[in-house]
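Trainee: This is what each chain is made of:
2 protein chains.
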Amino acid sequence: MECCLASLLRAPSLSIVLPGKSSRRSSSLHLRQLVGFHPSRCQKMFVPGFGEASPEAKAAANLHHFFTFVAIKIVLSQLQSYNREAYEELMEFVSRNSLNDGDQFCRRLMRESPRHKGLALRIMEVRSAYSKRDFEWDNLQMLAHKMVDESNTRLMRDYVKETSHIEDN
Amino acid sequence: MECCLASLLRAPSLSIVLPGKSSRRSSSLHLRQLVGFHPSRCQKMFVPGFGEASPEAKAAANLHHFFTFVAIKIVLSQLQSYNREAYEELMEFVSRNSLNDGDQFCRRLMRESPRHKGLALRIMEVRSAYSKRDFEWDNLQMLAHKMVDESNTRLMRDYVKETSHIEDN
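Protein chains in written order, with this note's numbering: chain U, 455 to 623; chain Y, 455 to 623.
Don't take each hint at face value.
To be verified - Now the stretches of chain U that chain Y is said to cover, found in silico as 3 or more residues with beta-carbon under 8 Å:
(1) 514 to 528
(2) 584 to 598
As the list claims (entries may be wrong) - Computed from the model, here is a short list of chain U residues facing chain Y with C-beta under 10 Å:
(3) G503
(4) Q534
(5) M545
(6) R581
Hints in this document: simulated from the structure, not taken from any laboratory. Note that CB positions come from ideal geometry on N, CA and C, so glycine has one too.
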């Protein structure tokens, strides 16, 4: 990534007409080929099936719903200790509305009653603060890398164990 | 985060017996209180319901399955152009196995046949390379922040529009 950006910065007057229907990936591929990247270091694997969006956008949308879910948990935990009435109201609303789509949940909550609207605004504020201030992005990346490595090792180890066991028998 | 770490580094001989069943969040809360943090700058919101894990670990697990899904798409796209037989085989396997759990998918694929095992190893290799080299983590963070801001604005704008409309009538 660093070398891609560096190469682009070294060619500031670069002007390329990109093909009309190309995806983000293929556009950047053209750019890279034109500015003479070393393929083994900079070329990315082509990811089909995301149309005009990107895998990063898809993952961000999932995280967005997750942040709403976390914000609801935070607000519930805060209310539980000092506003039992609001806590019960939000719990009751959560029990009959899906949390899969965070925005849809907030949209419905805002229209339930003026009191619920206040709760929705608070959830929206908390999800913004949480994603920008509390959520540990570096930790997420580190954990995801570790998870891939550990899962790959475990899958291969289990397979080898299983096959050796069959051969023993 | 930086100031939390800085404060911890300034107290290298700090030794605290943490309560047995406390979560990661509450442990770090104790630490922060003991080393005298300024609450408005460093104190994080308490997120309940993740037990011994953390929201970051939960999000990393979701991303892990997502990376397997992306790796399958990449491998399918590569096979399509130069190995139709393997492509058809993998497509057939995908059609009758859920992609929700990436590791479970790989585990089954490895045990289907020796040829399928080769495909599974390739998917595992690709998901590792993709998550470490190709996936744009900075872009993910930027997109997620943007998504929260835009969603919050849209939800409030829609609500105001709707209420004004009712009052007009």
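Trainee: A separate judgement is required for each hint: does it hold in the structure or not?
Mentor: Outcome of the hint check:
For the stretch 514 to 528 of chain U, the stated coverage by chain Y holds: 10 residues have a C-beta nearer than 8 Å to a C-beta of that chain, and at least 3 were required. Counting residues of the stretch 584 to 598 of chain U whose beta carbon lies closer than 8 Å to any beta carbon of chain Y gives 13, which meets the minimum of three for the stated coverage. Evaluation of the G503/U hint against chain Y yields a held restraint, the C-beta minimum of about 5 Å falling below 10 Å. With its C-beta approaching chain Y no nearer than about 9 Å, Q534/U sits inside the 10 Å limit, and its interface hint holds.
Violation of the interface hint for M545/U is found here, the shortest Cβ-Cβ separation to chain Y being roughly 13 Å, above the 10 Å cut-off. Given hint, R581/U at the interface with chain Y, holds; its Cβ is 6 Å from that chain's nearest Cβ, closer than 10 Å.
Going down the numbered hints, you'll see the structure goes against just number 5.
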